[in-house]
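Participant: Residue numbers (the working numbering), protein chains in the order written: chain A, -8 to 243; chain B, -13 to 187.
Quick caveat, the hints were computed from the structure, so don't treat them as lab data. Honestly, I wouldn't trust all of these hints.
Unchecked claim - Part of the chain A face toward chain B, derived, beta carbon under 8 angstroms:
no., residue
1, -7
2, -4
3, 31
4, 34
5, 66
6, 86
7, 87
8, 112
9, 115
10, 184
11, 187
12, 188
13, 189
14, 221
15, 227
Claimed, not checked - Taking lysine-lysine pairs in the DSBU-like style, the calculated list, with each CA pair at most 30 angstroms apart, reads:
no., chain 1, residue 1, chain 2, residue 2
16, B, 6, A, 55
17, A, 28, B, 44
18, B, 181, A, 33
19, A, 151, A, 13
20, B, 181, A, 81
21, A, 55, B, 181
22, B, 44, A, 105
23, A, 240, B, 174
24, B, 181, B, 148
What the hints assert, rightly or not - Chain A residues, not near chain B, derived (Cβ > 12 angstroms throughout):
no., residue
25, 17
26, 129
27, 131
28, 177
29, 207
For glycine and all other residues, C-beta sits at the position ideal for the given N, C-alpha and C.
What follows is each chain in one-letter form.
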Amino acid sequence: MLRTRVMPCLLLRNSKLVKTVKFKNPRYVGDPVNAVKIYNDKEVDELIFLDITATVEKRAPPFKTISEIATECFMPYTYGGGIGSIEDMKKVFGLGVEKIAINSKAVERPALVKEAATEFGNQSVVVSIDAKRNPNGKYEVFTRSGTNPTGLDPVTHARKMEEMGAGEILLTSIDRDGTWEGYDLKLIRMVAEAVTVPLIACGGAGSVQDFRKAVDAGASACAAGSMVVYQAKDRGVLIKFPMQAELRKVLS
Amino acid sequence: MIAIVDYGMGNLGSIQNMLKKIGAKVIITHDSAVIGAADKIILPGVGAFDAAMENLNKLGLTPLLNDLALEKHRPILGICLGMQMMTKRSAEGALPGLGWLDAETVRFANGSLRVPHMGWNTVDIRREDPLFKDMYEERRFYFVHSYYVKCADNSDILTSTKYGIDFCSSFAKGNIRGVQYHPEKSHKFGMLLLKNFAELV
Chain A
-8 MLRTRVMPCL
2 LLRNSKLVKT
12 VKFKNPRYVG
22 DPVNAVKIYN
32 DKEVDELIFL
42 DITATVEKRA
52 PPFKTISEIA
62 TECFMPYTYG
72 GGIGSIEDMK
82 KVFGLGVEKI
92 AINSKAVERP
102 ALVKEAATEF
112 GNQSVVVSID
122 AKRNPNGKYE
132 VFTRSGTNPT
142 GLDPVTHARK
152 MEEMGAGEIL
162 LTSIDRDGTW
172 EGYDLKLIRM
182 VAEAVTVPLI
192 ACGGAGSVQD
202 FRKAVDAGAS
212 ACAAGSMVVY
222 QAKDRGVLIK
232 FPMQAELRKV
242 LS
Chain B
-13 MIAIVDYGMG
-3 NLGSIQNMLK
7 KIGAKVIITH
17 DSAVIGAADK
27 IILPGVGAFD
37 AAMENLNKLG
47 LTPLLNDLAL
57 EKHRPILGIC
67 LGMQMMTKRS
77 AEGALPGLGW
87 LDAETVRFAN
97 GSLRVPHMGW
107 NTVDIRREDP
117 LFKDMYEERR
127 FYFVHSYYVK
137 CADNSDILTS
147 TKYGIDFCSS
157 FAKGNIRGVQ
167 YHPEKSHKFG
177 MLLLKNFAEL
187 V
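Next up, chain A with everything else stripped away, as it sits in the complex:
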């Protein structure tokens, strides 16, 4: 049986591990390579690393850090942040990354997703979509680490990204990020129904029960941030991951 994937989604800022709340107030939570070693021991399914300032600060991906992580990462590794060209992708893949995530650039130039999928195969291309409810209750796609409203509807955008060749959609609710309140199930349901590629739910996970709910809403995989870097809500830093047996019980 194929298992539901559960993966830490970890944020990089100046090559340090940070955690945000609603995409704001990045708080230092540790060293990325150290975290990877712990996640190896925990037999984590996959890891996602996103550099949250690379695009905003017009920087290239932090190749050295990406490589240091790859050397210790014996599980599938997705990297996103600042990837703007096929050349960047080649470099990143060459370091030992399995999948690249494209967010802002996929909105600015959707053809990049197509070029990436053609060059590296759909399975290596994750399109990351950050969505937020705007004041009139409608969902809207934001780029550039949640700072730039695009006017795009996440459902239409996700469908287009699938057409362009995205192999997976990483869907993050900006409103739920770092809140421990559970995923935005309505958002997950809407997007999961619109696409056939796997959808990774992100933003809001506070317990393993939340994973179950996301899967029931149509997610193929679940990403968690705060839950895997903090002891509990409003508590100290602790790199951790639910026990395999616990996940299996809830997810199978």
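Place chain B on chain A using the hints.
Facilitator: Using the frame of chain A, we list chain B on its own:
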């Protein structure tokens, strides 16, 4: 020395990282002299079938690999697309495969299951092989693929995996072995498999 064949496709860094971790001597190369002199060969691969075959042909590596695999019986392990390239053909492309086994590569039917088959799945042993030595507990590996290998000769199948259907997730014919999953990304399970491959005599 284990040579990882670099023909411009796939995540070679990961395979090298894990082999280094287990203490194996490893080199990423497309130099025919180096590949020819290696004790063991890994044929990796991520991407499209035709592009992979074309690159291999362009680098002039196909005749060398044929000779090493079929005449010199050098242990060779295909990973993911590398496994698929060892078959006669693939539904993904028009170019012929290496054809080392009587097998072909076909696509998962579009049904209720999502394609690609992506994530952790278990493998059931059909035939004993040194690759799975000392692997007693549940064997769990990371998969990501839209195509799978169909063996004409069932005795070539080492393991099968369930995803809608039972498909061949590892095969072996003499010195030639292929795995559909990514041992280099499968924690201790993959580490043991690569260790077993590195220690093959």
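Participant: All the hints need checking, so say for each whether the structure fits it.
Facilitator: Right, here's what the structure says about each hint:
A least Cβ separation of about 5 angstroms between residue -7/A and chain B falls short of the 8 angstroms threshold, and the interface hint therefore holds. Restraint check, residue -4/A versus chain B: the minimum CB separation of about 5 angstroms is within 8 angstroms; hint holds. Interface hint status for residue 31/A: upheld, as the beta-carbon distance to the closest one in chain B is roughly 7 angstroms, under 8 angstroms. Against a cut-off of 8 angstroms between C-beta atoms, the interface hint on residue 34/A holds, since the closest Cβ of chain B lies about 5 angstroms away.
At a threshold of 8 angstroms, the smallest CB-CB gap from residue 66/A to chain B is about 6 angstroms, leaving the interface hint in force. Given hint, residue 86/A at the interface with chain B, holds; its Cβ is 5 angstroms from that chain's nearest Cβ, closer than 8 angstroms. Because the beta carbon of residue 87/A sits about 3 angstroms from the nearest beta carbon in chain B, less than 8 angstroms, this interface hint is met. A hinted interface residue such as residue 112/A counts as satisfied when its beta carbon comes closer than 8 angstroms to some beta carbon of chain B; here the least separation is about 5 angstroms, so the hint holds.
A cut of 8 angstroms between beta carbons decides the hint on residue 115/A: the least distance to chain B is about 6 angstroms, and the hint holds. Because the beta carbon of residue 184/A sits about 13 angstroms from the nearest beta carbon in chain B, more than 8 angstroms, this interface hint is broken. The beta carbon of residue 187/A comes within 6 angstroms of a beta carbon in chain B, closer than 8 angstroms, and the hint placing it at the interface holds. The interface hint given for residue 188/A is met, as the beta carbon of that residue sits about 7 angstroms from the closest beta carbon of chain B, less than 8 angstroms.
Against a cut-off of 8 angstroms between C-beta atoms, the interface hint on residue 189/A holds, since the closest Cβ of chain B lies about 6 angstroms away. For residue 221/A, the suggested interface contact is broken, since its CB lies about 24 angstroms from the closest CB of chain B, more than 8 angstroms. Against a cut-off of 8 angstroms between C-beta atoms, the interface hint on residue 227/A is violated, since the closest Cβ of chain B lies about 27 angstroms away. The hinted pair formed by residue 6/B and residue 55/A meets the criterion: a straight-line CA distance of about 19 angstroms does not exceed 30 angstroms.
Taken as a hint, the residue 28/A and residue 44/B pair is broken in the structure, with Cα atoms around 39 angstroms apart against an allowance of 30 angstroms. Between residue 181/B and residue 33/A the CA atoms are separated by roughly 21 angstroms; this keeps the pair inside 30 angstroms, and the hint holds. Note on residue 151/A and residue 13/A: the hinted pairing holds, with a Cα-Cα distance of about 26 angstroms set against a maximum of 30 angstroms. A distance of roughly 28 angstroms separates the Cα atoms of residue 181/B and residue 81/A; the hinted pair therefore holds under the 30 angstroms criterion.
For the suggested pair residue 55/A and residue 181/B, the alpha carbons sit about 28 angstroms apart, so the restraint of at most 30 angstroms is met. Of the pairs offered as hints, the one joining residue 44/B and residue 105/A holds, with about 25 angstroms between alpha carbons and a cut-off of 30 angstroms not exceeded. With a C-alpha separation of about 22 angstroms, the suggested pair residue 240/A and residue 174/B falls inside the 30 angstroms cut-off, and the hint holds. As the CA atoms of residue 181/B and residue 148/B are separated by approximately 25 angstroms, the hinted pair is consistent with the 30 angstroms bound.
For residue 17/A, the condition that its CB be more than 12 angstroms from all CB atoms of chain B holds, with the nearest at approximately 28 angstroms. No beta-carbon of chain B comes within 12 angstroms of the beta-carbon of residue 129/A; the shortest separation is about 28 angstroms. Distance check on residue 131/A: its Cβ is at least 27 angstroms (rounded) from any Cβ of chain B, clearing the 12 angstroms threshold; non-interface status holds. Chain B leaves residue 177/A outside its interface by the beta-carbon criterion, the shortest separation being 21 angstroms against a cut-off of 12 angstroms.
Against chain B, the non-interface label of residue 207/A holds: every CB pair exceeds 12 angstroms, the least being about 16 angstroms.
Hint violations for this structure: numbers 10, 14, 15 and 17, all remaining hints satisfied.
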